[in-house]
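Chemist: Based on the provided sequences and hints, a complete structural model is requested.
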Amino acid sequence: MTDFLLILVSTVLVNNFVLVQFLGLCPFMGVSNKLETAMGMSLATTFVLTLSSVCSYLAYTYLLQPFDLGYLRTISFILVIAVVVQFTEMVVKKTSPLLYKVLGIFLPLITTNCAVLGVALLNIKKQNGFMESIFYGFGAAVGFSLALILFSAIRERIAVADVPTPFRGAAIGMVTAGLMSLAFMGFTGLVSF
Amino acid sequence: MSAVLIAILVLLGLAVVFGLILGYAAVQFKVEGNPIVDQIDDILPQTQCGQCGYPGCRPYAEAISNGDAINKCPPGGQSTIDALADLLDVEAVPLDSEHGEEQIKKIAYIREDECIGCTKCIQACPVDAIVGAAKQMHTVITSECTGCDLCVEPCPVDCIDMLPIPTTLNTWKWEQPVPGVALIATDSGRGSEQRGAA
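Protein chains in written order, with numbering that gives the first Met the number 0: chain A, 0 to 192; chain B, 0 to 197.
Derived by calculation from the structure, the hints in this document are not laboratory data. From a predicted model like this one, the values you see are computed outputs, not experimental measurements. Any given hint could be a false lead.
To be verified - Below are the SDA-like pairs computed for lysine to any residue, each with C-alpha atoms no more than 25 angstroms apart in a straight line:
1) A:Lys-93 - B:Pro-58
2) A:Lys-100 - B:Val-30
3) B:Lys-104 - B:Asp-148
4) B:Lys-172 - B:Pro-44
5) A:Lys-100 - B:Lys-29
6) A:Lys-93 - B:Val-26
7) B:Lys-104 - B:Pro-153
8) A:Lys-92 - A:Thr-111
9) A:Lys-93 - B:Asp-40
10) A:Lys-124 - B:Leu-10
11) A:Lys-93 - B:Gly-18
12) A:Lys-33 - A:Ile-171
13) A:Lys-92 - B:Asn-65
14) A:Lys-124 - B:Val-9
Said to hold, decoys possible - Footprint (simulated), chain B over chain A, 3 or more residues, beta carbon under 8 angstroms:
15) 52 to 63
16) 77 to 89
Yeah, the Cβ is synthetic: ideal placement off N, Cα and C, and Gly gets one too.
Modeler: The following block contains the structure:
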């Protein structure tokens, strides 16, 4: 149990996927203009990341490893993630129109989120087991959500602040992201995993 | 050689399995449009009059499902608003007078000896309830007319009247009973409306 807790703390704070490992930066900059969309994106990403890290772990362990095809992992993971996202979208659309309204437009976007592929590949690199993969994926997603929601809340405040003209828009966004990244560096050494 | 073949076969197998899963899901989880839009569309009176500011009832139904106000439909009146409030589980509100007043049900009537056959009313009719040709007399198919008023404005000789539908032996109905007590929350609004009308 302590192991899983360590994985969670490690992925959420110490090795935060966005602010420390710099994965999944496109949605981080792209959908952080409004807190509401950021929350939708976070929910959808949490869902997909956890599911796809499990699926890609299964695909690697039971399909690629027995045939000694480890070098095909990138292309097969892309395939697995795309299918998982598509399948999830169809099921959600049919079973829960309300949930689809919240997550709908973000689901296809996540297919191209590099954090999703990154988690799948890092799971293999770290030789995580089944349960560890689940927690690693979930922790990564929570870390992503945390960074995204915090960042969008800051950006909403910045939007009404008196920013010097050359820094308006994306520029101040980049500066803010850099400062947040610096702040998250403070967690280094909290746990060693 | 065999290693390459195995790699191709494994990847092919993976792709085929995924293709089958997605194909099955596409059939199994098919969604025909937005179900809530259909339900809203069923409640709206289908006059296609555009008094709500949308080009017809279906666009307005889509707008309601996206969060527009439910009180923009004068032809439907308070009963439509109450039904929508029940369906969407929101507060029933009075009709927005900006979009028109609630009126008794009417149908268009063309005074045929004055009609010059300009076809302008035919083009205006959203439900194709007017028959006729250029330079020929036009007339209204009463069973199709929704009473939306849209043909009155374009007529150059003002030969279209909106007549209230007369009560005949075929159309007469018992008045709806008014419950003595409010059974559910939205009943209170409905009861008072009917008591007021009676």
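Chemist: If a hint holds in the structure, say so; if it doesn't, say that too.
Modeler: Hint check results:
Distance check on the hinted pair: Lys-93 (chain A) and Pro-58 (chain B) sit about 22 angstroms apart at the alpha-carbon level, within 25 angstroms; holds. Proximity of Lys-100 (chain A) to Val-30 (chain B) is assessed by CA-CA distance (about 14 angstroms); at most 25 angstroms being required, the pair is judged to hold. Of the supplied pair hints, the one linking Lys-104 (chain B) and Asp-148 (chain B) holds, its CA atoms being roughly 11 angstroms apart against a limit of 25 angstroms. Pair hint Lys-172 (chain B) plus Pro-44 (chain B) holds up; C-alpha atoms about 19 angstroms apart against a cutoff of 25 angstroms.
Distance restraint check for Lys-100 (chain A) and Lys-29 (chain B): the Cα-Cα separation of roughly 16 angstroms lies within the 25 angstroms cut-off, and the hinted pair is therefore satisfied. Annotation: proposed proximity of Lys-93 (chain A) to Val-26 (chain B) holds, straight-line Cα distance about 11 angstroms (limit 25 angstroms). Proximity of Lys-104 (chain B) to Pro-153 (chain B) is assessed by CA-CA distance (about 21 angstroms); at most 25 angstroms being required, the pair is judged to hold. Between Lys-92 (chain A) and Thr-111 (chain A), the direct Cα distance comes to roughly 20 angstroms. Compliance with the 25 angstroms bound is thereby established for this hinted pair.
Between the alpha carbons of Lys-93 (chain A) and Asp-40 (chain B) the distance comes to roughly 20 angstroms, so the proposed pair stays at or under 25 angstroms and holds. As the CA atoms of Lys-124 (chain A) and Leu-10 (chain B) are separated by approximately 21 angstroms, the hinted pair is consistent with the 25 angstroms bound. For the given pair, Lys-93 (chain A) sits about 19 angstroms from Gly-18 (chain B) by alpha-carbon distance, which is consistent with the 25 angstroms threshold. Of the supplied pair hints, the one linking Lys-33 (chain A) and Ile-171 (chain A) holds, its CA atoms being roughly 15 angstroms apart against a limit of 25 angstroms.
For the hint linking Lys-92 (chain A) to Asn-65 (chain B), the alpha-carbon distance of about 16 angstroms falls within 25 angstroms, and the restraint holds. Restraint check for Lys-124 (chain A) and Val-9 (chain B): the C-alpha separation of about 21 angstroms stays at or below 25 angstroms, so the hint holds. For the segment 52 to 63 of chain A, the assignment as covered by chain B holds, since 3 residues bring a beta-carbon within under 8 angstroms of that chain's beta-carbons and 3 suffice. Residues of the segment 77 to 89 of chain A with a Cβ under 8 angstroms from some Cβ of chain B number 6, which satisfies the need for three, so the listed coverage holds.
Hint violations for this structure: none, all hints satisfied.
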